[in-house]
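Each chain, letter by letter, is given below.
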Amino acid sequence: DMKVTQMPRYLIKRMGENVLLECGQDMSHETMYWYRQDPGLGLQLIYISYDVDSNSEGDIPKGYRVSRKKREHFSLILDSAKTNQTSVYFCASSLSRYEQYFGPGTRLTVL
Amino acid sequence: GDSVTQTEGQVTVSESKSLIINCTYSATSIAYPNLFWYVRYPGEGLQLLLKVITAGQKGSSRGFEATYNKETTSFHLQKASVQESDSAVYYCALSDVGYKLTFGTGTSLLVDP
Chain A
12 DMKVTQMPRY LIKRMGENVL LECGQDMSHE TMYWYRQDPG LGLQLIYISY
62 DVDSNSEGDI PKGYRVSRKK REHFSLILDS AKTNQTSVYF CASSLSRYEQ
112 YFGPGTRLTV L
Chain B
3 GDSVTQTEGQ VTVSESKSLI INCTYSATSI AYPNLFWYVR YPGEGLQLLL
53 KVITAGQKGS SRGFEATYNK ETTSFHLQKA SVQESDSAVY YCALSDVGYK
103 LTFGTGTSLL VDP
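If you're matching them up, the sequences are chains A and B in order.
For the first sequence, position 45 matches number 56 in the working numbering, and the numbering has no gaps at all.
For the second sequence, position 70 matches number 72 in the working numbering, and the numbering has no gaps at all.
Keep in mind the hints are simulated off the structure, nothing from the lab.
Since the model is a prediction, treat every value here as computed from it, not as a measurement.
Don't take each hint at face value.
[Claimed, not checked] With a Cα cut of at most 30 angstroms, we get these calculated DSBU-like pairs of lysine-lysine:
1) A/K81 <-> B/K102
2) A/K93 <-> B/K102
3) A/K14 <-> B/K102
4) A/K14 <-> B/K53
5) B/K19 <-> B/K53
[Unchecked claim] Listed next, with one range per pair, are the computed distances between beta-carbon atoms:
6) B/I22 <-> A/L52: 17 to 25 angstroms
7) B/E73 <-> A/M18: 24 to 32 angstroms
8) A/N29 <-> B/T14: 39 to 47 angstroms
9) A/S65 <-> B/S18: 43 to 51 angstroms
10) A/T94 <-> B/A33: 36 to 44 angstroms
11) A/R76 <-> B/Q49: 27 to 35 angstroms
12) A/G74 <-> B/S31: 34 to 42 angstroms
13) B/T9 <-> A/Y21: 49 to 57 angstroms
14) A/L106 <-> B/Y34: 16 to 24 angstroms
[To be verified] Output of the computed footprint for chain A on chain B, the stretches with three or more beta carbons under 8 angstroms from beta carbons of chain A:
15) 46 to 57
16) 96 to 103
Glycine included, every Cβ here is placed at the ideal spot set by N, Cα and C.
The whole structure should be built from the sequences, with the hints applied where relevant.
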């Protein structure tokens, strides 16, 4: 069953705390993505990973870093979270550039 | 840079009526980008509804269709008769030569039973 999972689904953190968002996929896709979505905006690309330890910045990488040590896992890390990082975060994976598979999203609130 | 515009944030349609969700695009790095419609049902991730990678062609899936119009740079989503189960958020998107998708802001469709 082709699936992208995200953990946790909901998270509340205080400003300055570290945040770890996890993403997994069971399709052996080489390419994985992290997006965020804010009200009134489309999904914005934070980072793209082309394979293990092969990561590239997207459109809004500032304040984020990523880690990909296994093909099936892609983590998004916020070191010292800020209130403006409150958002819904989506992970995705793809085999080609013609279809991305998305996880259900993580709603992060930074107080 | 590339951009996708969806003018309607929310649309309400009665069941069995027709639907059109507007999408226009602008691609700066490539003349004819790939165009997509994704849909997000409540509690789920986005999933691909349909795609068209050749200008002038039409894509269709689950009763929805969209035509890639390079003259008007539009990719409107249409359905002749909506069902309550079609209630969801619909996103228009484009990609150029790489893997990056540029999304519109989404249109929330509510189908009245």
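Worksheet item: Does the structure break any of the earlier hints, and which numbers would those be?
Response: 7, 12, 13
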